[in-house]
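Peer 1: One-letter residues, chain by chain:
Protein chains: 2
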Amino acid sequence: MSVTHPRGFVAAGVESGLKGKGGKDVALVVNQGPSQAAAAVFTSNRAKANPVIWSQQVIADGIVNAVVLNSGGANCYTGARGFQVTHATAEHAASLLGSSATDVLVCSTGLIGDQLDLQKVSFGVTAAHAFLREDGGLDAATAIMTTDTHPKQAVAQGEGWSIGGMAKGAGMLAPGLATMLVVITTDAALDSGQLDAALRHATRVTFDRLDSDGAMSTNDTVALLASAASGISPTIEEFTSALTALCEDLATQLQQDAEGAAHDITIEVVNSASEDEAVEVGRAVARNNLFKAAVFGNDPNWGRVLAAVGTTQAAFDPYDIDVSMNGVRVAHKGEPDQPRESVDLTGRAMHLLIDLHAGSSTATVWTNDLTHDYVHENSAYSS
Amino acid sequence: MSVTHPRGFVAAGVESGLKGKGGKDVALVVNQGPSQAAAAVFTSNRAKANPVIWSQQVIADGIVNAVVLNSGGANCYTGARGFQVTHATAEHAASLLGSSATDVLVCSTGLIGDQLDLQKVSFGVTAAHAFLREDGGLDAATAIMTTDTHPKQAVAQGEGWSIGGMAKGAGMLAPGLATMLVVITTDAALDSGQLDAALRHATRVTFDRLDSDGAMSTNDTVALLASAASGISPTIEEFTSALTALCEDLATQLQQDAEGAAHDITIEVVNSASEDEAVEVGRAVARNNLFKAAVFGNDPNWGRVLAAVGTTQAAFDPYDIDVSMNGVRVAHKGEPDQPRESVDLTGRAMHLLIDLHAGSSTATVWTNDLTHDYVHENSAYSS
Chain A
1 MSVTHPRGFV
11 AAGVESGLKG
21 KGGKDVALVV
31 NQGPSQAAAA
41 VFTSNRAKAN
51 PVIWSQQVIA
61 DGIVNAVVLN
71 SGGANCYTGA
81 RGFQVTHATA
91 EHAASLLGSS
101 ATDVLVCSTG
111 LIGDQLDLQK
121 VSFGVTAAHA
131 FLREDGGLDA
141 ATAIMTTDTH
151 PKQAVAQGEG
161 WSIGGMAKGA
171 GMLAPGLATM
181 LVVITTDAAL
191 DSGQLDAALR
201 HATRVTFDRL
211 DSDGAMSTND
221 TVALLASAAS
231 GISPTIEEFT
241 SALTALCEDL
251 ATQLQQDAEG
261 AAHDITIEVV
271 NSASEDEAVE
281 VGRAVARNNL
291 FKAAVFGNDP
301 NWGRVLAAVG
311 TTQAAFDPYD
321 IDVSMNGVRV
331 AHKGEPDQPR
341 ESVDLTGRAM
351 HLLIDLHAGS
361 STATVWTNDL
371 THDYVHENSA
381 YSS
Chain B
1 MSVTHPRGFV
11 AAGVESGLKG
21 KGGKDVALVV
31 NQGPSQAAAA
41 VFTSNRAKAN
51 PVIWSQQVIA
61 DGIVNAVVLN
71 SGGANCYTGA
81 RGFQVTHATA
91 EHAASLLGSS
101 ATDVLVCSTG
111 LIGDQLDLQK
121 VSFGVTAAHA
131 FLREDGGLDA
141 ATAIMTTDTH
151 PKQAVAQGEG
161 WSIGGMAKGA
171 GMLAPGLATM
181 LVVITTDAAL
191 DSGQLDAALR
201 HATRVTFDRL
211 DSDGAMSTND
221 TVALLASAAS
231 GISPTIEEFT
241 SALTALCEDL
251 ATQLQQDAEG
261 AAHDITIEVV
271 NSASEDEAVE
281 VGRAVARNNL
291 FKAAVFGNDP
301 NWGRVLAAVG
311 TTQAAFDPYD
321 IDVSMNGVRV
331 AHKGEPDQPR
341 ESVDLTGRAM
351 HLLIDLHAGS
361 STATVWTNDL
371 THDYVHENSA
381 YSS
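Quick note, the sequences are listed as chains A and B, same order. Number 164 in this note's numbering belongs to position 164 of the first sequence; there are no gaps in the numbering. Number 153 in this note's numbering belongs to position 153 of the second sequence; there are no gaps in the numbering.
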């Protein structure tokens with residue numbers, strides 16, 4: 001269902017031979033209208049892949065007819081030749097769809113620094129176009145997987161309108177988004193300005209706060225396409241709320257399928273002086289390898305949490321800070337509280353609460369533990 | 001030899017029972033003069049351990065008679081009671097030495113959040129005082145080890161004067177120093193202002209650029225004590241040069257014994273707009289888990305290097321940047337150059353050269369790879 005759940009969208013996913021190990025690798029999502037309003041956000045990494053450089057130009061006018069996505073190659077640091085592959089991909093899709101290349105977003109994921117085979121990509125786009133279907137969402141979601149173990153899809157239902165989304169993630173999950181490709185569709189009738197505002201709000205508090213391994217990708221894209229096929233215009237509040245819920249759903253699915261992870265860690269920072277400071281503290285803890293390795297070992301090592309908090313510029317008094325793990329307050333006013341032994345970290349879900357006692361703001365950051373499987377998967381990726 | 005190599009110093013290392021697994025755990029280094037000038041730098045973590053809070057007051061007047069160091073407990077986040085343990089430790093050492101507690105530095109390392117047993121520490125100080133010897137350097141260097149596999153010592157020889165040092169490190173090695181305790185002695189005749197200037201220069205380009213795992217400790221201390229027993233006053237340039245070489249020697253020893261590491265990575269950033277930007281780039285790469293895991297797998301994945309560089313604010317053009325690994329240029333002007341297969345990463349030493357083509361500054365940052373053993377050691381530390 002996912003991206004083809006809202007009316008006005010067709011999709012497909014096919015195998016073109018881009019992946020050494022085989023499997024679907026090219027996806028196509030088409031907005032059949034009547035509207036083709038769109039918005040998108042991209043990686044904040046200054047090393048941007050060719051498809052990101054291309055798609056940033058496409059989104060400028062707020063009109064998108066289709067999205068081509070491929071796994072099996074990031075098309076990043078591949079120079080002018082790589083940019084030409086992206087451009088030719090958009091031209092090819094546009095010619096099949098009778099639209100303009102400048103209305104075709106392109107997204108790629110895979111190894112950085114290898115040229116993408118244009119012949120294979122073109123073959124994939126031709127095949128995907130032939131297979132476009134109103135229930136093609138699952139095939140599309142499958143074709144964008146890399147080390148993901150399963151496709152990620154989500155649907156949010158409004159009053160007579162809906163939102164659908166698909167995502168791929170797995171590794172390199174970090175702020176400013178990360179090897180994360182997300183396509184979201186809706187049949188609500190909204191203009192590109194409204195879509196942009198809603199998307200920026202939703203990603204700021206969901207994908208931007210998923211920091212699995214602190215590594216920021218070169219290819220991240222979250223695109224939102226609106227067909228207006230429902231003929232209904234929800235209020236911006238209604239739509240943003242539903243979109244945020246859908247993004248959180250997809251973000252959680254990415255976290256739960258992060259490369260090699262054994263724990264899904266929710267870091268909730270409360271009573272901070274500002275939301276930004278709460279995020280800064282959450283992110284510092286989320287990126288602390290010693291804390292992450294301790295969680296892998298089911299070790300409630302709260303000292304490593306406080307050592308990470310101490311590296312931030314956030315307002316807090318080292319002697320008025322509380323830390324709880326899975327509901328057990330292990331540190332109170334910067335001193336040991338309940339014994340470590342009373343914390344059970346054997347489950348996959350782990351909740352870390354940091355009370356800064358410095359204000360009334362709050363933020364939640366999601367991460368994963370640091371495991372043997374993470375090291376294994378990422379030490380053998382390109383070989 | 002190490003800290004007892006320069007004239008005017010005695011040291012000892014003894015077992016007091018602080019470590020669950022046994023072994024020496026309390027060290028004492030005493031400056032017998034005639035001068036007791038000193039300087040020290042500490043962690044920039046805002047969560048500072050009690051011995052750091054204490055020692056920052058001790059160093060204020062530039063006079064240090066002795067340093068007490070213990071492994072087996074960090075005495076951090078242990079509240080007023082923990083501070084009292086540090087204070088009492090200094091008082092006890094001072095009473096034995098006939099000096100003032102305010103001239104005794106205290107350094108601790110081990111688990112955060114556990115109270116340190118004052119009775120055991122006091123016993124250790126008493127014993128160490130009884131064993132003070134002119135060749136006690138090795139015992140002292142041994143007593144400060146935690147997960148270090150061997151003691152770290154170094155000596156630098158001047159014209160009639162010398163410098164000696166000992167260090168412990170292993171994990172939590174990161175900028176602003178990290179669970180790293182270093183005591184350096186010299187028989188050169190220099191005042192505390194000269195020592196401070198020399199020490200700040202030396203640590204800035206050595207220990208501060210060792211970033212093994214991005215985790216900043218709460219306890220780091222580097223202390224420099226000068227006895228003037230040689231009667232010789234080298235120029236500040238001579239002394240700083242020798243001190244920097246000694247610090248680099250110790251930093252390299254820490255890197256080579258970092259927890260679980262299989263590769264020692266030297267990241268050399270050249271042709272940057274400023275030294276600060278070169279350090280920023282080097283550190284971003286040093287902290288990128290995907291790059292570090294790739295090195296563990298002997299995989300010359302330069303795309304991960306450029307993705308990490310892209311997260312910085314340093315001046316560079318993504319299409320005018322070169323990357324070399326062990327002398328092989330794998331990326332040139334942001335595109336693939338020599339084939340990955342021509343890079344051999346099977347040795348322990350790995351050299352990464354990043355040419356930003358943005359200026360004429362340079363900096364070197366040292367780090368380690370991310371390995372199964374790192375995850376193992378740090379997932380089982382407190383259990």
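Careful, some of the hints might be misleading.
It does not matter which identical chain is used: a pair holds within one copy or between any two.
Derived SDA-like pairs: lysine to any residue, alpha-carbon spacing no greater than 25 Å straight-line [stated by the list, open to error]:
1. 333 x 204
2. 333 x 88
3. 120 x 20
The set of hints was computed from the structure by calculation and includes no laboratory data.
Peer 1: Now tell me, hint by hint, if it's right for this structure.
Peer 2: Going down the list of hints, with the structure as the test:
1. 333 x 204: This pair counts as neither: shortest intra-copy Cα distance 31 Å, inter-copy 33 Å.
2. 333 x 88: Intra 60 Å, inter 23 Å, cutoff 25 Å: inter-copy only.
3. 120 x 20: within (12 Å within a copy, 61 Å between copies)
When held up to the earlier numbered hints, the structure conflicts with hint 1 and nothing else.
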